[in-house]
Amino acid sequence: MKISVAQLWVQDQEEALAFWTEKVGFEVRVDVTMPEMGDFRWLTVGPPGQEEMAIVLMAIPGDPVMDAQTRAQVADLTAKGFAGTVFLTTDDCRADYERLLARGVEFTEAPEERPYGIDAGFRDPSGNAIRLTQVTWSLASTK
Amino acid sequence: MMAFAPPARHLLRAKDLADARYAEPLAVEDMAAAAGLSRAHFSREFRRAFGESPHGYLLTRRLERAAALLRNTDRGVAEICLDVGLTSVGSFTTSFKRTFGKTPTEYRRSYPPASVHAIVPGCVARAYARPQVRTFREDSPAVGS
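Here the protein sequences line up with chains A and B, keeping their order.
My numbering numbers the first residue of the first sequence as 1 and each following residue consecutively.
My numbering numbers the first residue of the second sequence as 1 and each following residue consecutively.
These are calculated hints, taken from the structure and not from any lab test.
Every value quoted in this text rests on a predicted model; they were computed, and no experiment measured them.
Errors might be hidden in some of the hints.
Here chain B is said to cover these stretches of chain A; the calculated rule only asks that three of the stretch's residues, wherever they fall, bring their Cβ under 8 angstroms from a Cβ of chain B [as the list claims (entries may be wrong)]:
{"id": "1", "region": "32 to 44"}
{"id": "2", "region": "68 to 80"}
{"id": "3", "region": "127 to 133"}
We treat Cβ as the ideally placed atom computed from N, Cα and C, and that holds for glycine.
Using the sequences and the hints given, assemble the complete structure.
Encoded structure:
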């Protein structure tokens, strides 16, 4: 098995699309709207050079998927920063930080030396946390 | 582009500010400004969203960082107090003891340096190691409760 697509809840797909493409530098992989499914929009983005993995920017749905109360809870949890995190790796954390900062990305942490490398943190407009790590030790495995 | 976001998104900016700049002389007023709310309104809304006062959040962030520095460095207690944005060593020691059940010096003695540290992201360590305390003497009685 392999990981193919992972999901982030987003408050607004257009806003999320602009953020991930114009600010982070990802490319659009799939952008399909299906009228037969209540105009459901499957929107995925991924980093150039890593074709096999993408993030789906999922609009928080209303009826019939979520009732109004559930929808409000998911939107609220996302805004509080408790709905999702993406861990990105990079060859140069400080250079990426400078570039993204200049584009107006909301950083929560500037690059810092850690036992596993150098990393920084930022938020997407919806409230999701994104880590940006220049890895010297694998975070996914201790092997 | 201004898109819809629940009001909690602004409160998250205040929480992120406490996490990022606890080492500076940051106060609840600065957190309120980051959220774009008045001090009193902010404290109520923050507590409603996150279940604790902004003062409590900021102080436990500082105490968590202080505990990590006591475990992982040989810096003195007074220096660590200043390193985490607190100015009174007396208040620091009192808050620390109420939170961890030991004075900073006793706490340090109870944690001999581990030879092997698990490698987890710093953000995870900070989120999970932050102590949970219901009230602090430093809490303004007029706010929260």
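Each hint tested on the structure:
no.	hint	in the structure
1	32 to 44	violated (count 0)
2	68 to 80	holds (count 6)
3	127 to 133	holds (count 4)
The earlier numbered hint that this structure contradicts is number 1, and it is the only one.
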